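2 protein chains.
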Amino acid sequence: MGNLSVSAAQAIVLQHAASLGVERVKLEESLGRVLAEDVRANRDQPPYDVSAMDGFALRSADLVSPPTPLNVIEDIKAGDKPTQTLSAGQCARIMTGAPVPVGADAVIRVEDTRELPDDRVEILRSVAVGNDIRRRGEGMRDGQVVLAAGSEITPGVIGVLATVKAAHVVVYRRPRVAILSTGNELEGLDEPIDPSKIPNSNSYALMAQVQALGIEPVLLGIARDDAQELAGFLKHGLEFDVLLVSGGSSVGVHDYVRPTLEALGVSMHFWRVEMRPGHPVAFGTSDTSLVFGLPGNPVSSMVCFEQFVLPALRRMMGSARLFRRTLKAKLAHPVRIYPRRTEFVRVVLSRDTTGEYLATSTGTQSSGALISMAQADGLLVVPATSSGIAEGEWATVQLLDGTAYQNEPGFEESL
Amino acid sequence: MGNLSVSAAQAIVLQHAASLGVERVKLEESLGRVLAEDVRANRDQPPYDVSAMDGFALRSADLVSPPTPLNVIEDIKAGDKPTQTLSAGQCARIMTGAPVPVGADAVIRVEDTRELPDDRVEILRSVAVGNDIRRRGEGMRDGQVVLAAGSEITPGVIGVLATVKAAHVVVYRRPRVAILSTGNELEGLDEPIDPSKIPNSNSYALMAQVQALGIEPVLLGIARDDAQELAGFLKHGLEFDVLLVSGGSSVGVHDYVRPTLEALGVSMHFWRVEMRPGHPVAFGTSDTSLVFGLPGNPVSSMVCFEQFVLPALRRMMGSARLFRRTLKAKLAHPVRIYPRRTEFVRVVLSRDTTGEYLATSTGTQSSGALISMAQADGLLVVPATSSGIAEGEWATVQLLDGTAYQNEPGFEESL
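From first to last, the protein sequence lines are chains A and B.
Read left to right, the first sequence gives residues 58 to 472 (our numbering).
Read left to right, the second sequence gives residues 58 to 472 (our numbering).
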């Protein structure tokens, strides 16, 4: 196998990732899932012409030279049925969402009127036919596909699902994910501190990366460098749809992981990608599982998850949006180049005076410096073919978890 | 009260929103929460000088004119303790993360070596002192503040927490949120279809907006237009930290919500904001609760949530990142202006040939058209003071839920 680019490795992974069947879940538990079936409207919405404002339903032809006094013949609230037909010179007080009475062809909002004594109101301006009326079926028409299979369930989608009374929805199943760390040097979260050991952070960082996708993974624990023990762990891990193994995937002689996986029937598709951090990243498949061998270095492990595991899990969940949101940012300083490897630089985002994004390195880019991953807003991509990025040049930044919100509104206005 | 801008209304809301005390949660359940205490390292990390590569630990001075043969005197795996001191002409086979033996001052990766018979290895190039060695304490130093109070718990933060063995963390409490819909016209999700009624979508869309922030709200149901019933519901709702009331907040005569809230001890701070959609949005406070009166129109309700409820909930959760991520996009077409109101246009994002974001309206901007909210990637902000935005001009877009991922990687390279 020759040198493998990040893009080529992603393509290999995605060739082997597919959705996993469907299940029915309650609407209240469907956020973030992906619809596995088209959803159709089962009624016209609104069910009749309704007022878009609190105001008065009237005949627009009555308002030739406003102000015009009209007689209020009825009060119509949302949920009411109008009982009278409007004639010339008449209007009805009407609430937002209430049905427009027969005879009316427009609504005027209450702010453009003035109450008069004796159930009369003065209309202060003229309006066009249809003004502030929402037409029957304007929101959705009975039978219309309102949501296509493959739609990700967002709050807006949940609103539409509630509108068609979908108390349950059919969605793609989530993959079951197992996480295994390997290495004699690792110390478990519940073990006492041994200064000569290294705390097992990878299991938990990977757990959180999986949780952020809406999947609750199973932590298998730590496999020591023992062929028998490792084989037992890996066999268990292969009962899941996806197995993440961190550590033990590099090219050293003490690497049991790859041969043990192969002995368990896993075909390895790659074990190295031209990227930094993250060079020793492996991918294989069994009949029923995807297996990712992630580097033992905490940052490398997280960066490899972002590039390979995340798109696979999103595809398995039925989504078409497989990759992290990217945006363009200006470099606050030049970035160094590592020839022939795609480099992912941990950066913090800020704004310059014109509102453009500025990317600043979090400092040390050592693959052991997990704090810098905790501080980062994104990963700035330096393509393998780049001859360097200078201060002030534009680059692509992948947004990491925690960046859906920002400190400032991003717009400001005073009246 | 004069005309209130979105920014001014946000400022009023945020004046009344504060964090709510702290609680202790398991690390596994902490994603998305906000740290309420500084977190310090309780060890040096790495605990000793370790190898950053699989390769050989050696004395750099031995490599004056490579290739240089060296004697391999020991194999050191991660978790091992070296037993020998290197002398001139000697090296140790070493794994990533394993301790560097006394006498060695550099590591060379295995790819730059060639195995020789009789426990010897040929080193193919020279290296600088310190090459591929991660120094003790380089990741974190014992006692150092590694995470500051106020940090949002992302996967990277969870990795750092696991590194300092924080099996539990102290975080800000989440607000308890209740959601109430009002109106005789509303039909509950579990009720049979009545064509003259309007399905209650707002409770569920708001539920999902709250869930997307990591909070499980309580749905109080639907209050009919009955003063007694409404008072009972609102009284119950005021037992929560935040009460969202949708519908019934406008200026019509059938509006019981505002006087009932005031009778229950709620001070109303505003009840109208110069925005579209969403003009009739109200905010009040009791001694213990924030109350938002959201418009009955589904889109208006969601847009008002985004501008006012979301920043309040995020501040109550202890976050400093209160607002939606924004980015700049080019208008794919001109947008119309509604004078003196900030307009939020539902848009879909795409990319032009140079990779810049393009914003295209989802079509009808009627506040009843919930489907367009389900389709939208963002809300394009047309400031109240704007005199119009032409095709090709730049505008600010607030990213909505579901946009953390995109269809394309955003970068591409081949080797």
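Check before you lean on any hint, since a few could be wrong.
As the list makes no split between identical chains, a pair holds if one copy fits it or if it spans any two.
Simulated crosslink set (DSS-like; lysine-lysine; CA at most 25 Å straight-line) [claimed, not checked]:
id	residue 1	residue 2
1	222	83
2	134	222
3	387	134
4	385	292
5	222	138
6	385	138
7	134	254
8	385	134
Honestly, the hints are just simulated from the structure, not real lab data.
Given the structure is predicted, the values throughout are model-derived calculations rather than measurements.
Consistency of the hints with the structure:
In this assembly of identical chains, residue 222 and residue 83 lie within 25 Å of each other by CA distance solely inside one copy; the values are 12 Å within and 37 Å between copies. When the C-alpha separation of residue 134 and residue 222 is checked against a cutoff of 25 Å, the pair qualifies only within one copy, where the shortest distance is 23 Å, while the shortest distance between copies is 60 Å. Taking the shortest alpha-carbon separations for residue 387 and residue 134, neither the intra-copy value of 55 Å nor the inter-copy value of 42 Å comes in at or below 25 Å. For a Cα distance limit of 25 Å, the shortest separation of residue 385 from residue 292 qualifies neither inside one copy, at 43 Å, nor across copies, at 49 Å.
Proximity of residue 222 and residue 138 under a CA criterion of 25 Å is satisfied intra-copy only: 22 Å inside one chain copy versus 65 Å between copies. Proximity of residue 385 and residue 138 under a CA criterion of 25 Å is satisfied in neither setting, with 54 Å inside one chain copy and 46 Å between copies. In this homomeric assembly, residue 134 and residue 254 come within 25 Å of each other (Cα to Cα) only across copies, at 12 Å, whereas the closest approach inside a single copy is 71 Å. With identical chains, the CA atoms of residue 385 and residue 134 are never at most 25 Å apart, being 50 Å at best within one copy and 42 Å at best between copies.
The structure does not agree with the numbered hints 3, 4, 6, 8 stated previously, though it agrees with the rest.
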